[in-house]
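Following the hints, complete the assembly by docking chain C onto the known chain A.
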Amino acid sequence: MSDVQKEMKSNDSNHMASLLDEMNTSNKNLQNIGVELLTVHTEGTVHAKRISGKFRNVKWIVMALWSIFFLSPYLRWDGNQAILFDLADRQFHIFWVTILPQDIWMLAMILLFFALLLAATTAVAGRLWCGYACFHTVWMDAFTWIEEKFEGQPNKRIALDNEPVSFKKIRTKFPKWVAWAAIGFLTGFSFVAYFDPAFDLWYRLFKFEWTFTETSIILGLGAATVFFAGFLREQVCIGFCPYARIQGAMIDTETVVPTYDVDRGEPRGRMRRAKPGEEAPQLGDCIDCNLCVAVCPTGVDIRKGQQFGCITCGLCIDACDSVMEKIKKPIGLIRYASLAEFAGKPFVPLFKRPRVLVYTGIMTFAAAMLVWGLLTMSPIDIKVLHERAPLFVQMSDGTIQNKYYAKVVNKTDKPMNAKITVTGPKSLMYIVDKELHVIPGEVGTAEILVRIPTQDLKEINTPIEIHVQDMDKPAIKADYDSMFIGPRPR
Amino acid sequence: MAHHNPWPDEGNTGHIWDEDLRELDNPPPLWWMLSFYAGFVMIIFYALYYPTIPLEHSHTKGLAGWTQVGEYHEDYKVLKDWRKKKFADQEEKLAALSVDQILKDKDLTTYAVKTSKMLFGDYCAACHGAGGQGNPDFPVLADDDWLWGGKPAQIQATITNGRIGNMPARGMMGNLTDEDINHVADYVIALSNGKGNDPSVAAGKAVYTKGMCFACHGPAGKPLAPAGAANLTDHIWRFAGDKDDVIRTIKYGVNVKKNGELIAHTRNAVMPAFKERLPNPEVNIKRLAVYVYSLGGGQ
Chain A
27 MSDVQKEMKS NDSNHMASLL DEMNTSNKNL QNIGVELLTV HTEGTVHAKR
77 ISGKFRNVKW IVMALWSIFF LSPYLRWDGN QAILFDLADR QFHIFWVTIL
127 PQDIWMLAMI LLFFALLLAA TTAVAGRLWC GYACFHTVWM DAFTWIEEKF
177 EGQPNKRIAL DNEPVSFKKI RTKFPKWVAW AAIGFLTGFS FVAYFDPAFD
227 LWYRLFKFEW TFTETSIILG LGAATVFFAG FLREQVCIGF CPYARIQGAM
277 IDTETVVPTY DVDRGEPRGR MRRAKPGEEA PQLGDCIDCN LCVAVCPTGV
327 DIRKGQQFGC ITCGLCIDAC DSVMEKIKKP IGLIRYASLA EFAGKPFVPL
377 FKRPRVLVYT GIMTFAAAML VWGLLTMSPI DIKVLHERAP LFVQMSDGTI
427 QNKYYAKVVN KTDKPMNAKI TVTGPKSLMY IVDKELHVIP GEVGTAEILV
477 RIPTQDLKEI NTPIEIHVQD MDKPAIKADY DSMFIGPRPR
Chain C
258 MAHHNPWPDE GNTGHIWDED LRELDNPPPL WWMLSFYAGF VMIIFYALYY
308 PTIPLEHSHT KGLAGWTQVG EYHEDYKVLK DWRKKKFADQ EEKLAALSVD
358 QILKDKDLTT YAVKTSKMLF GDYCAACHGA GGQGNPDFPV LADDDWLWGG
408 KPAQIQATIT NGRIGNMPAR GMMGNLTDED INHVADYVIA LSNGKGNDPS
458 VAAGKAVYTK GMCFACHGPA GKPLAPAGAA NLTDHIWRFA GDKDDVIRTI
508 KYGVNVKKNG ELIAHTRNAV MPAFKERLPN PEVNIKRLAV YVYSLGGGQ
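As they're listed, the protein sequences go chains A and C.
According to this note's numbering, the first sequence holds residues 27 to 516 in order.
According to this note's numbering, the second sequence holds residues 258 to 556 in order.
Isolated chain A, as found in the complex (with noise of 0.2 Å):
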């Protein structure tokens, strides 16, 4: 673009001034238009140290509740497994609920209540799922724990990592490899139990009775477990996972984050005694001794600042409150704060947070409806068809005959004899072809026939309802609204 043409452009668009016009943008690349770029590590993979803290801690303690997922396909509820999503006959079983399709609605609201958890997890405190939750930064950090047994510290692995390819090298990686491989066949074969008995499922692995479809599942879950968590590791976080991209974007200046602390910490250099007759340099607190990054396991430097490679699992954290316990400095050179909090800001209640708000609204009316679904659940449910050809049809006797086709479905575990009759307009009869034997789980279909007086139909469609009653149980009944439809009155 030659200067005459910026020169118009500038003057046509000067009423919409923005940054760009005092710019050069001839050399669009981001850092000329003032976006600083940080860092991804692409070095090979992160070996992070290993440090103890508080924040370890809390890793170690919800890394623990993940053993609930290996162990809950083993509990036991009235002689069958407690938590079993049966496929085949289309019911869920989750201790003493049973879920048929038609309550599937539910899943919907878990799903959202789940979703909307994240969102205000995250406007709180940042990325906490990433940090301590999250399935693939807990398996990751068991490998890497595996690994570290086995391989012994960073430096060491690094240095395995650059060696050529030797027969020593395989078997020292090998046992390391068995390990991974037994937890990514563990982590497969749980997440199939909840779809197919366990213990049948470890008894036909034994027979080698398994199908196609569990041992292909099984076998290709356990090898991208050990793909992702043992390979790819913080590539995951920084380059797949969509997860951690919308959880960047749903933080706010309020959310607490671990962030250094700029002003305390710099300028940043190493602490050394004064020569007699120098005057001692004034340095900031951060000794510059790379701890925090050391202990990263997605290789960021924190001291840049909040970026999208940070995981804020807080081990940085503890590895510089170690430092500063050793150079008698007060703790907290990096932990948990809002970009509002450096600014001088006043710290925000959550409730006058509006997204917090929003969330949690919205969470609480998805567990309401999960609530008021699980206590209204009805044992037996009725959908009534109409005929659509023909709509109607004109009797002899000058009535005019409807036809329904009802499905009842029995969601309890005893057989029922349910009957069906119908109420509307007082001239109304009705013929059931059938009383249904309905067994569980299933679906049994009564044809009706109803029938009412030309002369009683004021409207084209004439509201009628359907009842259905367990015979054994008279307690047991269902309700449908339908239309009863004419011809238009004349």
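Hints are not guaranteed to be accurate.
Claimed, not checked - Partial list, computed: chain C residues near chain A (C-beta under 10 Å): (1) Lys-363; (2) Ala-382; (3) Gly-388; (4) Gly-391; (5) Asp-401; (6) Asn-450; (7) Asn-488; (8) Thr-490.
Unchecked claim - Some chain A residues flagged as far from chain C (calculated, every beta-carbon gap over 10 Å): (9) Ser-98; (10) Trp-155; (11) Arg-197; (12) Trp-228; (13) Leu-258; (14) Pro-293; (15) Arg-294; (16) Ala-306; (17) Leu-317; (18) Glu-367; (19) Pro-405.
No lab work stands behind these hints, which were simulated from the structure alone.
None of these values were measured; they are calculated from a predicted model.
The beta carbon of each residue, even a glycine, is placed where N, CA and C say it ideally should be.
Then chain C, alone, in the frame of chain A:
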């Protein structure tokens, strides 16, 4: 696009935008080229193996002799054989039992109804409408009015041999004047509304006797036995029930012929015989009889 090229040696194509954004002329990767060549080999194989090249009146047949419709027929045969095997019991019962006996077996009735829907759609629905809802001038099958009887055996007979409606023009003897017809139309409409004895239609009642309508429609407008004559006392009209329509039916009759040709305006009411039209008629006629019976008005 810039005309001078500040990077002449890096192998760019000379296409440069925004001063430094340029297109390089790198060769495609080896794996890409290999799959490209493999694609060529595949095309040659494909052209030889499958029907490929159109000729003037035909096309090359290919080494495999494969055709799409052939594959469809093979697959369809698999499905047909599976059905034959799976439902052999039910089909055997349908062949062996009478329509009455089939209707006593609930499961067999359900089977017959479900397997009839397509047949009904193909052979019956053109006139009688989907679900037997009827069409103008074609009878509704879902109601409880039967010209030729609504018992299962009667329905079966109707489908097997067909029916031809028959009503003379201008009364049994053809002796009704236009005025007579006007009166009798009023009477017939009153009959349908249950007012046949109303003094206002007494003239029509006399014409009913004069035209000998009772011979088929019965002395009180109700046929003594189902033989194709409409029941005039109910709310259902074989043809439309407006006065003009009723007059037309009486004036020109049903299927009235002169010199072998249908006369103008006469009502046409013919149901063809299906014993030659349906595939596998012995079983399918019974199946359709069960279906029609179950539509909502069987007797």
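Each hint tested on the structure:
| no. | hint | result |
| --- | --- | --- |
| 1 | Lys-363 | holds, 7 Å |
| 2 | Ala-382 | holds, 9 Å |
| 3 | Gly-388 | holds, 3 Å |
| 4 | Gly-391 | holds, 7 Å |
| 5 | Asp-401 | holds, 5 Å |
| 6 | Asn-450 | holds, 9 Å |
| 7 | Asn-488 | holds, 7 Å |
| 8 | Thr-490 | holds, 9 Å |
| 9 | Ser-98 | holds, 41 Å |
| 10 | Trp-155 | holds, 39 Å |
| 11 | Arg-197 | holds, 33 Å |
| 12 | Trp-228 | holds, 36 Å |
| 13 | Leu-258 | holds, 22 Å |
| 14 | Pro-293 | holds, 36 Å |
| 15 | Arg-294 | holds, 36 Å |
| 16 | Ala-306 | holds, 48 Å |
| 17 | Leu-317 | holds, 41 Å |
| 18 | Glu-367 | holds, 42 Å |
| 19 | Pro-405 | holds, 26 Å |
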